[in-house]
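Peer 1: Sequence:
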Amino acid sequence: MIVYPNAKINIGLFVTGKRPDGFHDLETFFYPIGLSDMLEIVTAEGKKGECRFSQTGLEVECDVEDNLVVKAYRLLDADYHLPALSVHLHKVIPFGAGLGGGSADAAFMLKAVDAYFNLGIGTAGLEAYAARLGSDCAFFVRNRPAFAHGKGELLEEAALSLAAYRLVVVKPGFGVSTADAYRGIVPCAAGFDLRHLGGLPVEEWKGRVGNDFERTVFAKYPVLAALKQQLYAGGAVFASMTGSGSAVYGLFRREDAVKADFPGCFVWQDGVNDERLMMND
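The UniProt record's numbering puts the last residue of the sequence shown at 281; the count rises by one with no breaks.
Below, in silico cross-link-like pairs of lysine-lysine (DSS-like), each with a Cα-Cα straight-line distance of 30 Å or less:
1. K206 to K18
2. K91 to K259
3. K91 to K48
4. K47 to K71
5. K259 to K220
6. K206 to K259
7. K220 to K91
8. K220 to K206
9. K48 to K71
10. K151 to K71
11. K18 to K151
12. K91 to K47
13. K151 to K220
14. K18 to K71
15. K151 to K91
16. K220 to K18
17. K91 to K71
18. K151 to K206
No lab work stands behind these hints, which were simulated from the structure alone.
The model shown is predicted, which means the values in this text are computed figures rather than measured ones.
Working from the sequences, and respecting the hints, build out all of it.
Peer 2: Structure follows, in structure tokens:
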């Protein structure tokens, strides 16, 4: 079985409070995009609970057992005593970017194993497992535009289509750690209720739909602020950093050419195909 875990962007991100468990409450809007990894699973000879993991593409520097794909297998194996699996991940989505690539890989692994072995876990069950792996993992189970709150695991599906726009994602050659992004953050009430995002024209998002991490991250990495301004100068109707960075993105009217060059950066652009993404859930 082959599946294609896709990335997401954050449209707006407000850090609204500090939790007793040490995490932060936030409000954000997750939107799936077509930038994807490839994940293949096949049964393998071996004893139950054995996961043979291999990877190509972008190199992820972590121990195999710390990879979220392997952790997803272990999580289900603890309850379902799974047969041995051979798992291959081809990594395309940059990490340390705020695009949710690792979380997507984990969620799609859960969905693939559930379908491959006919476990019958169901959507709610898969979301519960995914939430144990990471705060935004649960989003990729349904993989549909959603308002997220709590740590990012509480989801409310919301109507929003960006099919009239071209999306350009730019990531420089470095990542941003979430811990660094939170340093200096002072939680406060959201500047805009992102539940109403779909009712506000994209051309009116600038100045109202913000990302609280931009203040701390741009101060440390001014190049990211420059990339955002370059997207606006190139014709974007809205531009923002996604998550805690380091990727920034711009939304352009579909008929407009993107008038910008980003040497030394990973650049991905595509028209937003909502129907294709809805099939990738």
